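Student: Sequence:
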Amino acid sequence: MAHYQKSLAAAVVLNTAISAVEAVAGFESGSLSLLMDGAYNLSDEMALIFLYLAFVLSQGVSRHLLRTANLFNSLGLVMISGILAWQAVERFLHPVPVQGAIPIVVGIAAAAANWGVAWLLRKPGRNNAAIRLAHIHNIGDVYVSLAPVLAGFLVIFTERSVFDPIIAGAIAVWIIFSTAREVFGSREELIWPEKIVCGHSDHDRPGVAMG
1 MAHYQKSLAA AVVLNTAISA VEAVAGFESG SLSLLMDGAY NLSDEMALIF
51 LYLAFVLSQG VSRHLLRTAN LFNSLGLVMI SGILAWQAVE RFLHPVPVQG
101 AIPIVVGIAA AAANWGVAWL LRKPGRNNAA IRLAHIHNIG DVYVSLAPVL
151 AGFLVIFTER SVFDPIIAGA IAVWIIFSTA REVFGSREEL IWPEKIVCGH
201 SDHDRPGVAM G
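Residue numbers (our numbering): 1 to 211.
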């Protein structure tokens, strides 16, 4: 599985950069929509780390790591989204100042980086449900990362910071429903991963070691 380890490692590094930049920029600008996207990326980050470990450790350990990765990519993501949705309601009722330019610049950069992560996961995701879930989430991240851009423009042109929590709440709802749909669609394979395969015929023959 070494040919997929490099892709996963590169995805981890790139996703780490996205999460760190969005977290710092979100706090500095007061943008909840940017923090929402950063939290989404942080969940993907933890899942990618466990997926990478699943590919480099023994098969028995890998199954448990895949389940943990799926947990971060599903239940953990829904919980984070719920908390930030509550924060969005709080900020809607009690708006705080938002620097609109920062979400625009960082959001565009994050969308491009998320596309890079999704591209790295596209090929290995064809043959593994856990990686496919991470791939789908990063495809979604491309569009979710553009939401802070929209919020930034609305804040700048209307001079009303309330648009930022509105956009953040919309992101949270989208994440919860899209995650639930994917989990229910691949429930058995995600909860009880039997093996890690890469689609090469020699990996499917009896007696060939996996992982």
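I should point out that these hints are in silico values taken from the structure, not numbers from a laboratory. Each hint should be verified, as a subset may be incorrect.
Said to hold, decoys possible - Pairwise CB distance ranges, derived in the manner of DEER restraints:
no.	residue 1	residue 2	range
1	Pro-95	Val-173	48 to 58 Å
2	Arg-126	Gln-99	21 to 31 Å
3	Pro-97	Val-56	37 to 47 Å
4	Ser-178	Thr-158	25 to 35 Å
5	Trp-86	Lys-6	33 to 43 Å
6	Phe-153	Met-79	28 to 38 Å
7	Val-13	Val-96	10 to 20 Å
8	Gln-5	Arg-181	43 to 53 Å
9	Ala-180	Val-13	28 to 38 Å
10	Arg-181	Asn-127	19 to 29 Å
11	Val-24	Glu-159	39 to 49 Å
Fair warning: this is a prediction, and the values are worked out from it, not measured in the lab. A virtual CB, placed ideally from N, CA and C, is assigned to each residue, including glycine.
Student: Taking 43 to 53 Å as the stated bounds, is the beta-carbon spacing between Gln-5 and Arg-181 within them?
Tutor: For Arg-181 against Gln-5, whose Cβ atoms are near 29 Å apart, the range 43 to 53 Å is violated.
Student: Regarding Ser-178 and Thr-158, is the given constraint of 25 to 35 Å on their beta-carbon distance met?
Tutor: The hint (25 to 35 Å, Cβ to Cβ) holds, given that Ser-178 and Thr-158 are roughly 28 Å apart.
Student: Is it true that the C-beta distance of Ala-180 to Val-13 lies inside 28 to 38 Å, as the hint says?
Tutor: 29 Å, holds
Student: Mind checking the hinted window 48 to 58 Å against the Cβ distance between Pro-95 and Val-173?
Tutor: 20 Å, violated
Student: Between Arg-181 and Asn-127, is the Cβ distance one that fits in 19 to 29 Å?
Tutor: Hint holds: Cβ distance 21 Å, inside 19 to 29 Å.
Student: Falls inside 21 to 31 Å, the C-beta gap from Arg-126 to Gln-99?
Tutor: 41 Å, violated
Student: Does the beta carbon distance between Trp-86 and Lys-6 stay inside 33 to 43 Å, or does it fall outside?
Tutor: Taking Cβ atoms as reference, Trp-86 and Lys-6 lie about 39 Å apart, which means the hint holds.
Student: Does the Cβ distance between Pro-97 and Val-56 fall inside 37 to 47 Å?
Tutor: Cβ of Pro-97 to Cβ of Val-56: about 46 Å, so the range 37 to 47 Å holds.
Student: Holds or violated: the 28 to 38 Å window for the beta-carbon distance between Phe-153 and Met-79?
Tutor: Holds - the Cβ-Cβ distance for Phe-153 and Met-79, about 30 Å, lies within 28 to 38 Å.
Student: Given the hint of 39 to 49 Å, check if Val-24 and Glu-159 actually sit that far apart at their C-beta atoms.
Tutor: 25 Å, violated
Student: Just tell me: holds or violated, for the beta carbon distance of Val-13 and Val-96 against 10 to 20 Å?
Tutor: Given a distance of about 33 Å, which is not inside 10 to 20 Å, the answer is violated.
In terms of the numbered hints stated before, the structure departs from hints 1, 2, 7, 8 and 11, listed from lowest to highest.
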